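Colleague: Residues per chain are reported as follows:
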Amino acid sequence: MGGIRTSALRRTATVAVAAALAMSAPLIGAAPAGARAEDPPNVIGLSISDSRSELQNWNKAVVIAYVPPLESLPAGVDPSSVVVARSEWVNQVITTAALRPQFRLTLGSVIPDLSGLTRDQAADAIETRGLKFSVSSDPGQPDAVVASQDPRPQSIVEFGLGVTVALSAVDEGGMSTTTVVLIAAGSGLGLGLLILIGVLTARRVGRQRRTPTAPENIEVRAYHGQVVGPGLTEPGPGAALAGGDQRGTFAVRLEPHYDPGTFTLEEGRT
Amino acid sequence: MSQITVRAVLFGDGDPAGAISRTPGWRGVVDRIGGAVGGVSAGGRQIVEREMTSALAGLLGLDVGDVLVGGWRRHRALAAAAHATRVNPTATEVVQLATHRITTAHRPYVDIIVNGGKVATIHFDLGLTVDVDGLVGTVRQARLVAIQGGRCTITAGLACEGLEIASRQAVVDPALTVRLGQGIALLDEERKPSIA
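Each protein sequence line maps, in turn, to chains A and B. Quick note: our numbering has the first sequence finishing at residue 557, numbered continuously throughout. Quick note: our numbering has the second sequence finishing at residue 229, numbered continuously throughout.
One chain only, chain B, in its complex shape:
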């Protein structure tokens, strides 16, 4: 099972820095950066642009599976199943989830520092919306141990200082998106490490 990141949703499997630099919106960002770092040489501005794309690409490593799990921990039916199965370890609860939406917003930023002095701060807006449809989850011992069926429609958008850089939508199988392992703890107290 491979991890699905926002970077992969937005730019696929290619070089994200190169893909970012080729977007029309990024050219506008570069112009604004040029205004902010006007005292930097032409070669220095190229370095700034390259480092910016690399830093931004690093900020797009958000795992869509983690976002899904974070949303499901807030789902009332799953929480109820977790509590019920925690009391009765032998119990297994299968939950049919109605269509629901999980959203998250990240506002990363990048500081540009020249010769030890910060010359500019560039803000980004990363939005992620996942519409989950027809998912069946299995909860045991307060853990989500299996998911079946369903469909996740992911919509990701990236903007910088009000300029849209990229926006893309993808449909994935939630069973292939979330790494269950030994089961995902749905309750906060179950997630805390035990103290011997």
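Only chain A is shown next, with the shape it has when bound in the complex:
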């Protein structure tokens, strides 16, 4: 009796393993032709067709599953703009030479540069890529344009991700407030540099002026030079210079003559 029960169990196990192998028949086969030992290529950012080609070049037996399936892309999405956002080697841990590699490629889009676009233009550019559009700030003007965005342009994201933009008003010259601020900041920076250069130049010139160059021995020698005169202009006798004294020149000479006197001596007669 016991021997019959053991044999039955062995038959049941054999059937179960066979059934399991039969269920996994699509994944199991002979060793795939062209199987390579190196790592699979990075297909992030590649288009659907390019990613398939890259993987098949790596292993012709590769099995690729797209998420979402290619027949279920978001409405309005241009398939040519779809790129691989994420790549996952599903059976990498258990793969063997007899097992076909399976890849799950999650599809998405490349974030476009929205700067300068209006709200409607930006929304259209986002929604046709299977993404969600939202606005963080809006000045309320109909001609407001995108000043900033998140995620940044050229980012690769999966379908359904939200893209947030900030709108700003446009000034009369057609530039956004942010642009004006940037220009003003740049101009201020340039002006500051000019002032700095001017100050440095003035200080340098000042130092050069203070710095004695070559010693100069300066000497001034004075000479009395030629002398003419004095000359005398005197009128003739009885005449005078115009406007002057009409009296002529005359001289009075005083010649004192000493008179010793007359002495008389009379002697007495005896």
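Honestly, the hints are just simulated from the structure, not real lab data. Every value quoted in this text rests on a predicted model; they were computed, and no experiment measured them. There may be inaccurate statements among the hints.
[As the list claims (entries may be wrong)] Chain B is nowhere near these chain A residues, computed Cβ spacing over 10 Å in every case:
#1 I351
#2 Q428
#3 L448
[Unchecked claim] Covered stretches of chain B, going by a simulated chain A footprint (3 or more residues, C-beta under 8 Å):
#4 50–61
#5 125–133
#6 185–196
#7 201–211
Even glycine gets a Cβ: it sits at the ideal position worked out from N, Cα and C.
Put chain B on the given structure of chain A with help from the hints.
Modeller: Just chain B now, kept in the frame of chain A:
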């Protein structure tokens, strides 16, 4: 008795160098000096200008009294009185001088020397005219021993390279202008030093 110089006639008792530098004509002179000393630094040019005014001020020390005496030595009446009183030492001659004019012209110049090399010569013209009116002089022993009365009208002019720097007229008392001392020798032979 104070000495009266041409500097005092032209610029008074103030700083002559400063007065010269403030005259309009001097600015033109400075411009010409600047052209002549173009290779000199700005500080060096200031030194040149300062030294020029100082040198010029020194050249204006001409004594008006000396100019008067120099003219009077040429006066015929005074010369005759000198000769007469020399012969007769006891004689005194009083001479009434008719209005006469004494003129003199000086042409000083200044050399500007930088680092041993002369870079410019600046010429000046100094003119002095003295009109003497109503002067009485006393001559004794061939010397002018006293002067009385009279009036001297002095006209001084200073120019540099054709540019007038200053011109001024002043009236002075000749008795206060001429320093007579022991008498001023009027004859050349009386001025020569005696040899023992």
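Colleague: Starting from the hint list further up, note which numbers the structure goes against and sort them upward.
Modeller: Hints 4, 6 and 7 not satisfied by this model.
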